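Listed below are the residues making up each chain.
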Amino acid sequence: MIGFVLKRVAGLAITLLLAILVVFLVLDFLPDADTAPVWQRFAGWLGGALLGDFGTSAMANAPVGALIAERMAVTLPLAVAAMLLAVAIGLPLGVLAAWKRGAPADRVLHGATLIAAGVPGFWFGMLLVLLVSAQLRWLPSGGFVPWGQNPAGAAASLILPAFTLALPGAAILARAMRDAMVDAMVDAKAADFIRTAQIKGLSLRQAIWKRGLRNALLPVLAITGPLFALLIATSIVVENVFYLPGLGRLILAAVAERDALVIRGTLLALMASMSCALLMADLLGAWADPRLRTRSGP
Amino acid sequence: MSTEGVEANRAPWVRRVALGHVGLRLGIILSLLFLLIGFVSITWTPYPLDRINLSEQLQNPSLLHWLGTDHLGRDLVSMVMKGTLASFIVAAIAVVIGMLFGVPPGLAAAAWGRRADRAASHAGDFLSLFPALVVAILIATAFGPGALSAMIAIGIVNIGVFARVTGSSAAMLWKANYVAAARLAGLSAWEAAKRHLLPAISPVILVQALRQLAFGVLSEAALSYVGVGIQPPGTSLGLMLREAQSFMLVEPLPVLVPGIAIALIALALNLAAEGLGKLIDTPLARLGADRVAG
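Protein sequence lines correspond, in order, to chains A and B.
Using our numbering, you'd call the opening residue of the first sequence number 1 and step up by one each time.
Using our numbering, you'd call the opening residue of the second sequence number 1 and step up by one each time.
Simulated from the structure, these hints should not be mistaken for lab results.
Owing to the predicted nature of the structure, the values given are computational and were not obtained by experimental measurement.
Do not rely on the hints blindly, as some may be mistaken.
To be verified - Now the stretches of chain B that chain A is said to cover, found in silico as 3 or more residues with beta-carbon under 8 angstroms:
| no. | segment |
| --- | --- |
| 1 | 127–140 |
| 2 | 218–225 |
| 3 | 237–248 |
Claimed, not checked - Cβ-Cβ distance ranges computed for the label pairs, FRET-style:
| no. | chain 1 | residue 1 | chain 2 | residue 2 | range |
| --- | --- | --- | --- | --- | --- |
| 4 | A | Pro146 | B | Gly144 | 33 to 43 angstroms |
| 5 | B | Phe143 | A | Met59 | 18 to 28 angstroms |
| 6 | B | Ile52 | A | Pro245 | 29 to 39 angstroms |
| 7 | A | Val38 | B | Leu32 | 41 to 51 angstroms |
| 8 | B | Pro46 | A | Val80 | 44 to 54 angstroms |
| 9 | A | Val145 | B | Phe143 | 52 to 62 angstroms |
| 10 | A | Val145 | B | Leu249 | 17 to 27 angstroms |
Said to hold, decoys possible - Negatives, chain B to chain A, calculated, CB over 12 angstroms:
| no. | residue |
| --- | --- |
| 11 | Arg25 |
| 12 | Ile29 |
| 13 | Asp50 |
| 14 | Leu58 |
| 15 | Gln59 |
| 16 | His71 |
| 17 | Ala92 |
| 18 | Val96 |
| 19 | Pro105 |
| 20 | Ala147 |
| 21 | Ala182 |
| 22 | Arg183 |
| 23 | Glu191 |
| 24 | Ala214 |
| 25 | Leu279 |
| 26 | Ile280 |
Glycine included, every Cβ here is placed at the ideal spot set by N, Cα and C.
If we strip away everything but chain A, and leave its shape as in the complex, we get:
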């Protein structure tokens, strides 16, 4: 297991480094590039970034590192909350659909996931603002109170964005969970172990919960990493709906101002977070399924 972890960490670190290099090279077309060779500038910038020095933003006239740290306090809680919501909504619905396979509940859920897959996430957020904020006046329609000032208020302003960000993820997970669960139940081997579990005194319901669920979770776990990474990136769009001061608003402002240092630093922070998401899901998968540890990756 330790060998697998080290290999996976090293693999992802190299991938991240390559990705950051690509980002650096593309943004190097900007006029503010100085005259040192590319690799020297890259090494200098990356070395500084690893020590927390991302340079000074021309746009905000402030250190880029401080800007990013401040914005991460919005984006990361948002992405984590959305991922947890997507899991909490998607997996039970998927299990329910598999349980009621072919019944009306399954078909309704199937239709719902098809519709959810077609609705642009950020537009769903706008609908939530119109309904929950403007009509019902339950939650703020946008903006953010810093955590230090009012933690409850900060959390409240993340509720609608988190649901918005979670919707497509929940649909994807529900679909994957349903299919994996149906496979696990149809699979002859699965039937065997479920029968064995029943003989041992578990009810059918318990048997499916204990064994089928565990087997079905493996293929689902394999997609959670890329999904989590995608949610982190998509928060850029969702922050825009709710006027949240996260990494997304920062990077879009920097694109408008063509502030390369801010874009580079922000993308480094985003991609590092996404790599961590991939790594966590991989480790979780390897912990759940020892067979994965012998391969180079999922």
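We have chain A; now place chain B onto it with these hints.
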């Protein structure tokens, strides 16, 4: 790509689609309808879009303006028609980019086996760090935002998807007898993949193309909405949402109309993809086997 075998199969295919389940028919009809609406906008829209008419801004639906007007007094029906065309064009070109650069490496991966598997796994990690939004931000910063940056950004994501789908379905067929026979007959791995695998997996690629078309329409909306896709004075469904957001609480219709259009287009394309996918689901391997027998 079309061989005699495909020609011979065509008639039953059309019949199977016609007799297929409701979702498939609904998906195809609705997709074609939106495509038609988009193409009509090239020559005709109810009102011209290049004229700002502030005396008619934010009107409710009426006989003159079926869906009302936006904050600049432009007719929403006309905007949606033009926007639909823009969304389809961006999504379609992104699909072409994805197929051109994704299918060949996918085929090669199937022919090379395990080594390619490992390479694909690393490439997968790399690509998941570059979702369309990140690529679009990079291109928009370096070269300026526009329809082109959206097409390339979405196209790059599509490349990964097509490579993966081609690779996994081609790998399933790679061990089929007729491919082995072709290899024994002296065809190189690449030739065998191109001549025997590609025709067999083309239905799978077609289904994926429909899915990626839906993905492209959704992604274009998101990119233009945050300002790294199509720019004014151009029109797209995503750009309409960007412009309508600031006065959404006063007048929700300009937000509702383009959003519903996007959702319907994506739903239609996904329904069509799902329905067609079911038609070809009778395993791929059998499809290949039939062809050898014939």
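Outcome of range test on Cβ distance (Pro146 (chain A), Gly144 (chain B); 33 to 43 angstroms): For Gly144 (chain B) against Pro146 (chain A), whose Cβ atoms are near 34 angstroms apart, the range 33 to 43 angstroms holds.
Chain A versus Gln59 (chain B) - minimum CB to CB distance exceeding 12 angstroms, so not interface: holds (19 angstroms)
Proximity test - 8 angstroms, beta-carbon atoms, the segment 127–140 of chain B to chain A, at least three hits: Contact hint for the segment 127–140 of chain B vs chain A: holds, 10 residues under 8 angstroms.
Given as non-interface: Leu58 (chain B), partner chain A, CB spacing beyond 12 angstroms: Nearest chain A Cβ is 16 angstroms from Leu58 (chain B), so the label holds.
52 to 62 angstroms as the expected CB spacing between Phe143 (chain B) and Val145 (chain A), which holds or is violated: violated (38 angstroms)
Interface-negative label, Ala214 (chain B) against chain A, beta-carbon threshold 12 angstroms: violated (7 angstroms)
Non-interface claim for Ala182 (chain B), where every Cβ of chain A lies beyond 12 angstroms: holds (30 angstroms)
Distal placement of His71 (chain B) relative to chain A, Cβ over 12 angstroms: Nearest chain A Cβ is 16 angstroms from His71 (chain B), so the label holds.
Non-interface claim for Ala147 (chain B) versus chain A (Cβ beyond 12 angstroms): holds (16 angstroms)
Verdict for Val145 (chain A), Leu249 (chain B) (Cβ pair) under range 17 to 27 angstroms: The hint (17 to 27 angstroms, Cβ to Cβ) holds, given that Val145 (chain A) and Leu249 (chain B) are roughly 20 angstroms apart.
Verdict on Ile280 (chain B) as a residue remote from chain A, using beta-carbon distances over 12 angstroms: Check passes; 17 angstroms lies beyond 12 angstroms.
Cβ contact check, 8 angstroms cutoff: the segment 218–225 of chain B against chain A, three residues minimum: Per the Cβ count (4), the hint holds.
The structure is inconsistent with the numbered hints 9 and 24, although it conforms to all the rest.
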